[in-house]
Amino acid sequence: MSITTIRQGSIQLVNSKKIQAQGAIYVAEARIRVMMKWLWLIIGIAIANPVLYLISVGIGLGGLIDKNVGATGVDGVKYLTFLAPALLAQAAIQGAMEETVFPTIEGFKWNKVFFAMNSTPLSGAQISLGVFLAAFFRTIYTVLFYFGVMWLFGALDSSTAWLAIPTAIFAGTAFGALMQALAAKLENENIFFVIVGRFIMMPLFLFSGTFFPLTSMPFFLQWIGWISPLWHATELGRHLTYGHAISSTMMWVHFLVLATMLVSGLYLSTRIFTKRLAK
Amino acid sequence: MPESLIHARGLTKKFGDFVAVNGIDFDVHKGESFGLLGPNGAGKSTAMRMIGATSSRDAGVLTILGKDPDKHGPQIRAHLGVVPQQDNLDMQLSVSENLYIYGRYFGLPRAFVKGKIEELLTFAQLEEKRDAKVEALSGGMKRRLTIARALVSEPEILMLDEPTTGLDPQARHILWDRLFRLKEQGVTLLITTHFMDEAEQLCDRLIVMDKGSIMAEGSPASLIKDYSSKEVLEVRFGSDRNQELAEKLRTLCERIEELPDRILMYTEDGEALLGQIYASGMHPKTSLVRRSSLEDVFLRLTGRTLIE
Numbered sequence: 001m002s003i004t005t006i007r008q009g010s011i012q013l014v015n016s017k018k019i020q021a022q023g024a025i026y027v028a029e030a031r032i033r034v035m036m037k038w039l040w041l042i043i044g045i046a047i048a049n050p051v052l053y054l055i056s057v058g059i060g061l062g063g064l065i066d067k068n069v070g071a072t073g074v075d076g077v078k079y080l081t082f083l084a085p086a087l088l089a090q091a092a093i094q095g096a097m098e099e100t101v102f103p104t105i106e107g108f109k110w111n112k113v114f115f116a117m118n119s120t121p122l123s124g125a126q127i128s129l130g131v132f133l134a135a136f137f138r139t140i141y142t143v144l145f146y147f148g149v150m151w152l153f154g155a156l157d158s159s160t161a162w163l164a165i166p167t168a169i170f171a172g173t174a175f176g177a178l179m180q181a182l183a184a185k186l187e188n189e190n191i192f193f194v195i196v197g198r199f200i201m202m203p204l205f206l207f208s209g210t211f212f213p214l215t216s217m218p219f220f221l222q223w224i225g226w227i228s229p230l231w232h233a234t235e236l237g238r239h240l241t242y243g244h245a246i247s248s249t250m251m252w253v254h255f256l257v258l259a260t261m262l263v264s265g266l267y268l269s270t271r272i273f274t275k276r277l278a279k
Numbered sequence: 001m002p003e004s005l006i007h008a009r010g011l012t013k014k015f016g017d018f019v020a021v022n023g024i025d026f027d028v029h030k031g032e033s034f035g036l037l038g039p040n041g042a043g044k045s046t047a048m049r050m051i052g053a054t055s056s057r058d059a060g061v062l063t064i065l066g067k068d069p070d071k072h073g074p075q076i077r078a079h080l081g082v083v084p085q086q087d088n089l090d091m092q093l094s095v096s097e098n099l100y101i102y103g104r105y106f107g108l109p110r111a112f113v114k115g116k117i118e119e120l121l122t123f124a125q126l127e128e129k130r131d132a133k134v135e136a137l138s139g140g141m142k143r144r145l146t147i148a149r150a151l152v153s154e155p156e157i158l159m160l161d162e163p164t165t166g167l168d169p170q171a172r173h174i175l176w177d178r179l180f181r182l183k184e185q186g187v188t189l190l191i192t193t194h195f196m197d198e199a200e201q202l203c204d205r206l207i208v209m210d211k212g213s214i215m216a217e218g219s220p221a222s223l224i225k226d227y228s229s230k231e232v233l234e235v236r237f238g239s240d241r242n243q244e245l246a247e248k249l250r251t252l253c254e255r256i257e258e259l260p261d262r263i264l265m266y267t268e269d270g271e272a273l274l275g276q277i278y279a280s281g282m283h284p285k286t287s288l289v290r291r292s293s294l295e296d297v298f299l300r301l302t303g304r305t306l307i308e
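From first to last, the protein sequence lines stand for chains A and B.
Heads up, the first sequence is in the working numbering, so the first residue is 1 and it goes up one at a time.
Heads up, the second sequence is in the working numbering, so the first residue is 1 and it goes up one at a time.
Because the hints were derived from the structure by calculation, they are not lab data.
Note that the Cβ used here is the ideal one computed from N, Cα and C, for glycine as well.
Warning: the hint list may mix true and false statements.
What the hints assert, rightly or not - Just the calculated beta-carbon pair ranges, DEER-fashion:
no.	chain 1	residue 1	chain 2	residue 2	range
1	A	I191	B	P109	18 to 26 angstroms
2	B	T122	A	G44	51 to 59 angstroms
3	A	K17	B	D131	33 to 41 angstroms
As the list claims (entries may be wrong) - Within a straight-line C-alpha distance of at most 27 angstroms, the following computed BS3-like cross-link-like pairs (lysine-lysine) qualify:
no.	chain 1	residue 1	chain 2	residue 2
4	B	K71	A	K185
5	A	K279	B	K67
6	B	K114	A	K37
This is chain B alone, in the form it adopts within the complex (with noise of 0.2 angstroms):
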C-alpha cells in the first residue's frame, strides 16, 4: 500500500445545525490525483478547507501528512499548494511579485524564489505577462497564476478547488494540459470539481459527494462500470412528447432517466436500441448514442444532475 498523505474517518463539519460534511472516509495515496465529484453545496470546497488546516473539524480523524491539522495547522500548510475556489491574488502587485510575496510566506529564500519564479512563468505560459499587474489578467491566466503560486514551495500535495469553473473551454483545455503534466510528473493532486469531464480526465480515483456524504468511491471507470451502463442513448420527442412516450420506452429498456427536455436510456447497445425504437413507430426528433461518464453515475446515485 503506498503512503497515505490524507487520512480521515468519519470527518464532520457542521455550521449550526447544517451538517455540511457528514461523516466521510477517504485515504488520498502518495502520487495520486484524487478528485471530490459532487454538485455545488455537496460539502467539497468545506472538506477542502479542513484538509488545507484552516478550518477545523467538529468530529472524526483527519491526519494530513501524519499531523493532526488541529494541533499542526502551520506546519502542515508549509508542504500543501492550495488553489481556492476563487482567486485571491493580490491585484495591486504584478504577476511576478505575487508568486514572489507567495514564496516569502513560506519563508523561502529571496534567491531561491527568483529563480523559482522563472520555472513557474514558463509553466504557467505567462512569460510575456511577468510585469502586468493581475488586474489585466484573464479569467483563465488568473487561474493559471494562481496555480503557479500554490507550487512555489514545492508542496507535498496540491489542492486544487474547482480549477476550472467560470473558465471558457478554451481557457480550460489550457489548464487541463498544465495539470495533466503535473500529474504525469507524478504531484499528488486534490481536486473538486463538479464537471464530469473534468473529473474523467484528471482523476485517478474519486469519491462522489453530495448533500456532505459519499456516494460512492473508485477510479472513473469503475465507477462507470458499477453504476451506469456500458452506453446511453438520449432521445428528445419534444418537451411536451417525452413524457407522454417514456412509459412506452420503459417496456424496451431497463432503466431509463426523464430529464426535463431528454430522455437517457441505459443500454450495452445504443444503435442496436434506437432500432427497435423506431421499429416501434416512434420517431424521436433527435437521438445521440455515447458512452456512459460519471454524470450517469451522479444521475443514478442521487437520481438529479450534476448541474442544475
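Next comes chain A alone, as it looks inside the complex (with noise of 0.2 angstroms):
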C-alpha cells in the first residue's frame, strides 16, 4: 500500500483576502452543487406547478369567469392575465423559501454543515449571504421556466408582460431573506413547519389578492395582503404587465415594502447565523 505524504503549513496556500471577498460565493457554489442532485425534481416541480394552476385555475376558473363577465371583465382584462402576475410571485416566493428555509435547518441542525464550514475560515455572515444567492439563483430559474409555461399556455397576452419577471424575482427573495432569518432563530423546526405553512404560507397565498382583488375583500381581511410580499409584487406585476391602475405612491411604498423585508431579512439572518455559530 502506498503511503502519501501529507503535506502541513503550506501558509502560502491559503489567501485570506481573497476568502474575504469571495466566501459567500464558495457557499453559494456547495449549495447549488447540493441543488443538482435534486435537478430532476425541481425541473419537475417548476413544470407541474405551473401547468396545474394554469389548467385549473387559469383555464378551468379563468373560463367561467371570462364567460360570464367577459373578457376584460376582472380589472380590464381577460382572468388569465390577471392571474398571471400573482401565480408568477407566488411560485417565486415558494421557490425561495424552500431554498433558504430547508438548507437553514439542514446546515444548523440535521447535518451540521453550517458548523463544518465555519471551521474554515468562513464567517456566519458569509455563510447566511452564500445560502441567500444560492436561493436567489434557484428563484431566478424557478420564475423564467413558470413564465415559459406561462408563455405557452397563452397566458401572457401583452408586450410588457416580462416585466412581471423582476418583480417576482425581487418578491422571492425579499421573503426568502425573511424566511432564512426565522428558520435560523426558530431552533426546533416542527414549530417552523406548522407556523410558517399553515399559519403565513396558506393565508398569504390565499388572501393576498392573488385570484381576486385585495378590494374584493372584506376591510378587515385586507391587512394580510399589506403585509404579504405577495400582494406587493402582484400590484407591481398588474401594473408593469397590463398597466393595472395604481398611484406612483403606491408604486413606491410597494417597492420600498419588498425592499425593506429584503435588507432587514439579510440583516437578521447574518446577526442571527453569526451568532448561532458562536454557541
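Reassemble the complex: the two chains are provided individually, in unrelated frames, and hints are given to aid placement.
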C-alpha cells in the first residue's frame, strides 16, 4: 500500500483576502451543487406547478369568469392575464423559501454543515449570504421556467408581460431572506413548519389578492395583503404587465415594503447565523 | 524551545453560571501531538472550540499561530484542520464532492483541490468510495473522510475532537494507524479523548482535565510514573465480598482503589502481591496483573474512572 505524505503548513496556500471577498460565493457554489442532486425534482416542480395552476384555475376558473363577465371583466383584462403576475410571484416566493429554509435548518441541525463551513475561514455572514445567493439563483430559474409555461399557455398577452419577472424575483428573494432569518432563529423546526406552512404561507396565498382583487375582501381582512410580499409583488406585476392602475405613491410603497423585507431579512439572518454558530 | 503554536493562559469559558473551562494554561509546540484527556463534560470540546476560533473566550489569553482568535478568527481558521466530535459531512454529496467543496471553502484553486482529492482518498483508504454518497458510508469511513477533509488545506494544526468515539474496535485501529502516520510525518496534532489507550498511543504530551480544570500535565509515561505505581493488580472476589475484603487487602498494599466490580491494588510487583494475598488465605475469583495506565492516573487524580 502506498503511503501518501500529507503536506502541512503551506502558509502560502490560503489567501485570506480572497476568501474574505469571495466566501459567500463558495457557499453558494456548494449549495448549488447539492441542488443539482435534486435537479429533476426541481425541474419537475417548476413545470408541474404552473401547468396544474394554469389548467385548473387559469383555464377552468378563468374560463367560467370570462364567460360570465366578459374577457375584460376582471380589472379590465381577461382572467389569465390578471392571474399570471400573482402566480409568478407565488412561485418565486415558494421556491425562494424552500431554498432558504430547508438548507438553513439542515445546516444548523440536520447535518450541521454550517459548523463545518464555519471551521474554515468562512464567517457566519458569508454562510448566510451564500445560502441566500443560491436561493436567489433557484428563484430566477423557477420564475423563468414558470414564465415559459405561462407563455405556452397563452397567459401573457401584453408586450410588457415579461416585466412580471423581476417583480416576482424581487418578492421571492425578499420573502426568502426573511424566512431564512426566521428558520435560523427558531431552533425547533417542527414549530417552524407548522407555523409557516399553515399560518403564514397558506393565508398569504389565499388573502393577497392572488385570485381576485384585494379590495373584494372585507376591509378587516385586507391587512393580510398589506403585509404580504405576494400582494405587493402582484400589484407591481399587474401594473407593469397590463397597466393595472396604481398611484405612483403606491408604486413606491410596494417597492419599499419589498426592499425593507429584503434588507432586514439579510441583516437579521447574518446576525442570527453569526450568533448561533458562535454558541 | 520549539515554536509555540497554541498558547493559553487562564483560558476560561462560561455558559451562564456554569464554568465549562476554568482558567487553563498550556502550550502546544510545532510538530507535537498534544492531548486533552478527560471524561465527558470535562470541558475538552469547549476548549477545542475556542482554539478552533469559532467560540470566544470569557477570560484569559489565547493565541493560535501567534494571533488572537477573537480578532483574527478567519485568518487563524485558514490554517487549522478541524475534525469535530460529530461528523458534519454533507450527506447529500459524494465522498469526493465533500472534499472538493471543503477545499473551495479555503478558496483553494479548483485544479489544486482536484489533485489533492486523489492524495487524500489514498490516505483515507477511500479510493473505491470516491463516488459513493456519504450517507452510505460506515461510521469508520465517515470519520476517515472527515479527517481527510480537514487535511485538504494542508493545515498547520490538525485538531481532532474524540476521533474514535462510537467506532468499533477494528475501525478504531484503522483510524489510529492513519493518525499515527500523520504524527510520524510531524503533523502538529491536538486530540481530545476520554480513551486512555488512545491518549497513550497518540499523544506525546497531554493535560488531564476534569470539571474544566487541568489536573496534571506531562507525557503519558511521566504521568504514569508520577501518579501511579509500575504495576496494577486487579482482583475480584464477587461484588458482595469486595468491600468486606478491602480492609484486609489494605494491610498488604499501600494504595488500593475499590471499584464496584473489582479492587485495584497499586504495587511495584503484582505477582508478588498476589502471592501474599493467597498466603493470607484470600482466594480471588479472578486476578490480573497489568501495567499502570492513564486510567489509573485519572482515578488517582479525581477518584473517578474516565468512562462512567
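Query raised in the report: Can you list which hints this structure breaks, lowest number first?
Result: 1, 2
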